[in-house]
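Undergrad: Sequence:
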Amino acid sequence: MFVRKSGGQSGFIRCSLTFKGERVRFAVGNGCSRIPENEWDSKTQQRRGSGLEALETNDRLRSVRMLITQSIEEGKDLDTIRAMVTGTEAIRKSKGIKALYDRFQKARQDLAPATVKAFNVSLRALEAYEKQTEPLTLNTFQADSPTARTHARAIVKDLTNWLVNEYGYNDNTTTKALRHLQTVVRWHVSEGHSGAIPINVPIEKREPIVAREMPALTKEDVEALWNLDLPPNQNLWHSRNGFVLACHTGLRYSDWAKVDPTKWQEAYQLISQQKTGESTRVLHTEEVRAVLRLYEATGWPPCIAKITNSAKVNELIKTASRMAKLTRKVPNVVRKNGRDVIGPEHELCDVVTTHTARRTFVTIRQNEGIQTMTSWNEQDTHQKRR
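Last residue of the sequence shown: number 1310 in the numbering used here, and the count goes up by one each step with no gaps.
Treat the hints with care, as some may be off.
Below, a list of computed lysine-lysine pairs in the PhoX-like style, where the Cα atoms sit at most 25 Å apart [what the hints assert, rightly or not]:
#, residue 1, residue 2
1, Lys1143, Lys1242
2, Lys1030, Lys1199
3, Lys1187, Lys1230
4, Lys1182, Lys1230
5, Lys1081, Lys1100
6, Lys1199, Lys1182
7, Lys1000, Lys1041
8, Lys1236, Lys1041
9, Lys1100, Lys1236
10, Lys1236, Lys1199
11, Lys1253, Lys1143
12, Lys1022, Lys1182
13, Lys1199, Lys1230
14, Lys1230, Lys1242
15, Lys1030, Lys1041
Cβ-Cβ distance ranges computed for the label pairs, FRET-style [unchecked claim]:
#, residue 1, residue 2, range
16, Lys1055, His1075, 53 to 61 Å
17, Val1088, Arg1205, 37 to 45 Å
18, Gly1293, Asp1095, 37 to 45 Å
19, Ser1203, Leu991, 41 to 49 Å
20, Arg1032, Ser1178, 18 to 26 Å
Hints listed in this document are in silico derivations from the structure and should not be mistaken for laboratory results.
Note that beta-carbon positions come from the ideal geometry of N, C-alpha and C, so glycine has one too.
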């Protein structure tokens, strides 16, 4: 056993177990607190001192040694022994990246549904990469030698290039996929699944391209969209209606279908936001009631109620905006590689998305002198949010 420093001159006790030519390493944990390196006696394999913490640590180590000895005498393999000591099941290499993601999501039941869906999207991309190369396991990122480190870095670089050049991801979606992978790997390390070998291969993320200027519609723009003469009961008509509803409520696309059309006669209704899990109040203004009455008998159509990806709806909203002649020029400013880049101006109809409705809602209400609270972490006005 030894102490591996983790910040400063202290660390956690790790166990290195070798038997019949095989070796496993794992964190002892479970009651052994972080200890200063100078308090560890490598010869006696005990913590120095006579205080309560030292006594508890040494008692834990004695019980671990007894458990290991008994398990070896019973013929148990090293992975089973590690699982018994750490309380975590050893990960089999053959299961690949899906085993890591499944374990992470099973333990993190607190994740919002939208977050789980985003992780699953990244997982599908990584599984597609595995089919062409090799399984991605913790061993991929546990580089305990110069040769292994070089190999691991090459895999991360190859994965990044593959996501962009072969899978069709842009810089932002590549960054998101690598960030999800990094989160899953770090969680396994924090839970002791990786043993003593650190994850010292950085999963470098590309610098995302962040929009710095996002358009908002005026009241006249929203009215022009609403007054647009479209064939009823088609996806274009439904998407326009949902977008106008969002312009008057500030709802995310994932929450459009949570508004109950049969309650349009009430003053308001409460819904639970899919992204945050928090409740929000939807005020039934005259404009909101006008949209809800359209779906009182039928409910929301599949193009709003069942589609989880807003890409198709975004295209329909752009089409409706062009038909409503929302073609004025708007600035195009993005942040790329740490710098603001001012590009050519775009027509408004070409950059409208479902998120534009949220910004429109806040812009109109703040122009009317109403401070709108939207943040779920702290009090913040929607004016500060992009």
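Undergrad: Against the structure, test the hints numbered earlier, and report the numbers of the ones violated in rising order.
TA: Violated hints: 7, 12, 16; rest satisfied.
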